[in-house]
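Read top to bottom, the protein sequences are chains F and R.
Quick note: the first sequence uses our numbering, first residue 1, plus one each step.
Quick note: the second sequence uses our numbering, first residue 1, plus one each step.
Derived by calculation from the structure, the hints in this document are not laboratory data.
Since the structure is predicted, the reported quantities are computational estimates derived from the model, not experimental observations.
Worth double-checking, as some hints may not be accurate.
[As the list claims (entries may be wrong)] Each computed EDC-like pair below joins lysine to aspartate or glutamate, with the alpha-carbon atoms no more than 16 Å apart:
(1) F:Lys103 with F:Asp137
(2) F:Lys431 with R:Glu103
(3) F:Lys162 with F:Asp186
(4) F:Lys431 with R:Asp156
Next come the chains, spelled out residue by residue.
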Amino acid sequence: MTAPSTPETSRAGWRRSALAVLLVGFVVLLTACGGLSADEDGDSASADEYTALGTGKPATEADTAALEDVPASARDAYAGFWHSTRLGPNPYADWKPSKAPWKFCYSSSYQGNTWRQEGLTVAEGIVDQLDEQGLVDGDMIVSDADNNASLQATQVNTMVQKGCDVVLVMQPPTVGLCNAFESAKDAGVLVVVMQTGTDCTNAIQSDFGSYFAGQTSAKWLVEKTGGEGTVVMCDGIPGVAAAEARQAGATQVFEEAGLTVEHITGEWTPSTIKSQMLQYLTTHPDDVAGVWDGGVCAVPVTEAFEQAGRDLPFVTGFEGACAWLANWKKTDKESIGFTQGAGQGVVEAFKVALRMLAGQQPELNTLLYPLPEINASNFDEFYKPEMTLSSGCNAQPLDGESVPSSYYDDLFSGGDEPATFESRLDQLPVK
Amino acid sequence: MSTTITHGDPSLAAASPPPPKRRTARASSVLVYLSPVAMFVVLTLTTPGVLSTTGVMSLLVLASVLGLAAVGQTWAVMIGGIDLSIPATIGMANVLVTTLYAEGWGFPRIVLLVVVVSLAIGTANGLLSSLFGLHPLVVTLGMASLVTGSVLVATDGNTGGDVPGFITDAVSPVGSVWGIGVPAAVILWLATLAVVLLVERRTVFGRRLYALGSNERAARLALVRPVVVRVVVYSVGALCASAAGVLLAGFSGGASVSIGDPYLFSTITAVVVGGTSLLGGAGTYARTVAGVLVTTMFTTLLVGLEIGPNMQQVMLGVAILLLITVYGRDRHVAQRL
Chain F
1 MTAPSTPETS RAGWRRSALA VLLVGFVVLL TACGGLSADE DGDSASADEY TALGTGKPAT
61 EADTAALEDV PASARDAYAG FWHSTRLGPN PYADWKPSKA PWKFCYSSSY QGNTWRQEGL
121 TVAEGIVDQL DEQGLVDGDM IVSDADNNAS LQATQVNTMV QKGCDVVLVM QPPTVGLCNA
181 FESAKDAGVL VVVMQTGTDC TNAIQSDFGS YFAGQTSAKW LVEKTGGEGT VVMCDGIPGV
241 AAAEARQAGA TQVFEEAGLT VEHITGEWTP STIKSQMLQY LTTHPDDVAG VWDGGVCAVP
301 VTEAFEQAGR DLPFVTGFEG ACAWLANWKK TDKESIGFTQ GAGQGVVEAF KVALRMLAGQ
361 QPELNTLLYP LPEINASNFD EFYKPEMTLS SGCNAQPLDG ESVPSSYYDD LFSGGDEPAT
421 FESRLDQLPV K
Chain R
1 MSTTITHGDP SLAAASPPPP KRRTARASSV LVYLSPVAMF VVLTLTTPGV LSTTGVMSLL
61 VLASVLGLAA VGQTWAVMIG GIDLSIPATI GMANVLVTTL YAEGWGFPRI VLLVVVVSLA
121 IGTANGLLSS LFGLHPLVVT LGMASLVTGS VLVATDGNTG GDVPGFITDA VSPVGSVWGI
181 GVPAAVILWL ATLAVVLLVE RRTVFGRRLY ALGSNERAAR LALVRPVVVR VVVYSVGALC
241 ASAAGVLLAG FSGGASVSIG DPYLFSTITA VVVGGTSLLG GAGTYARTVA GVLVTTMFTT
301 LLVGLEIGPN MQQVMLGVAI LLLITVYGRD RHVAQRL
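The following block holds chain F by itself, in its conformation from the complex:
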């Protein structure tokens, strides 16, 4: 039954329509400001030149062709790149850097843990060193978006308005910031995305080769298990490109070796990992040959095995946490991992930014590098007695950096010698 139309109901309907128009107008305004966008496609002018993001998918012909174009000296680190990033030409090819001093800005998607704090500490240390060389204009502007993509986009826009020459973006979401990056690029601001893949093709990316790292630890596990039995993969957050990339690398190795693969989803959260592992062990009385760590898993997985009264199998590590090294020492069970602290990621991003500020240009939009490996042969060099199972720190590269500066020589061309700095990662507290 339809209510009869009265002047009151007509007015109410009119008001609702007006409110809807106002809301739509507000959203359009926000979009115009670059804060939000429901239809981002990165750099729309040249999006077709880039490979598509293929998280969890096999390589396309375009992916294979793009990989062949990567300089041979860096190709290993680019293996499986399509799982976490898009590859194509340098979006800043026409960009002319301003003369020093430069204003550096640091946009973090989240700062609420020790790992993120390490990244900021290292960034501040590098800016201080560059300031001593007269290369820095004022204090570094820092923002924390509390995992809110639209807030981070607004913060990047604000940084552009405040005159930043370089915006270093720590682990933004895969999508959601492309418009903000485009606005920054249009304003002549260099945006370098660190430590994660992005769907945006209008920023420079500096990241480690997740797929390659996943393959490396999986190969070790295949060797230790003799290629027989069941391997449990402790996966990260489903759908997150960085997690999916390393998992894809490991899966390929396990499948080729003929191992039975089962999964738990730890979501990079120790309490969730331990819950899942306990539930797995409760429901799977058969022997487990090994556990592959997709991040943060090694310690809670070890505890779950111990508390379930089961024999500890070979368990890989990943991010080189101090707690994992302490766990290795305690159990005396050989493992493998990498150094993957936020600080070393910041160091690589600064190397890239300083090269571009010196007029050098990368051939590609994404610069991937391999992570230093921690294994039985170098364990004693990484382990420190003050490391405990509750430590929040990360092991640091023995050389103070993931790769030497010369690694980038084949990936950049032109320009002058960049400014240099010391990483000082060895001065970070071990606690």
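Got chain F sorted already, so can you dock chain R onto it with the hints?
Chain R only, in chain F's frame:
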């Protein structure tokens, strides 16, 4: 206050079979308390390994942490509110214990501080939602942000630390208390269950809890002071959430301000699966315990059946919808007259 509702001859009404709606309510109660048993049978049939002592204790340890966190959510829902500050309170306690213990604080001193902070959080939640007439959803959401932000400011994001060994033992499935092979976390949960049920069923405060949830205006006329009830409810909730946070420090071996995040969804799920009405005025923590056991065993079953994480989400959603369709359709108490 006058009542115009009549049921005819009382003696006749007593002799008659209960009306259909009351029968439905009773049937739903039976179903709620039978569901953990049914789930356990399904779990043991599909994954026989569960029947080991370690297997059962593993389930109970997981359930105990969720069970403690869900005390506050149950009572908040029973008085017609909700508590979104539980995850932040868990994170606060988790970080305080680990960081202060690493700095050399004695455990009793840390517990005292956690209790004081928890009471402050609960009192603020209760006062703000009562005195200013603000919906608890908004108040507790704001409180969650305030607590998490304060912890991050205080620690500068460096939330690592150390965990007392006995806390780790308390949440170990092979842990024991006074020679009894039951982890301390499970004992603590059972003790909490006994106290909470005693308060609900045998105390004046318990009656006031239901009265406030049923009809605040009528409760006021019956001399119930809503502000006091709300302050107590949110304080008890914060204390229990903090206990869960301390146990999680031992469980995960470290600290994180966001360690409680999964417990927002899971505590509400446990309450809903237990059949406590989100409209308030009805329900009991005993139902939530059934909900805790069902959800813990259900997620274990999904892991046992090797169902992927995305499909686990789908299955959990379907299960919740099915369960509340079966026994979660009760109308609000005030609408049943």
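Each hint tested on the structure:
Pair hint Lys103 (chain F) plus Asp137 (chain F) holds up; C-alpha atoms about 5 Å apart against a cutoff of 16 Å. Between Lys431 (chain F) and Glu103 (chain R), the direct Cα distance comes to roughly 11 Å. Compliance with the 16 Å bound is thereby established for this hinted pair. About 15 Å separates the Cα atoms of Lys162 (chain F) and Asp186 (chain F), which keeps this hinted pair within 16 Å; it holds. Taking the CA atoms of Lys431 (chain F) and Asp156 (chain R), the gap is about 15 Å. The hint holds against a cut of 16 Å.
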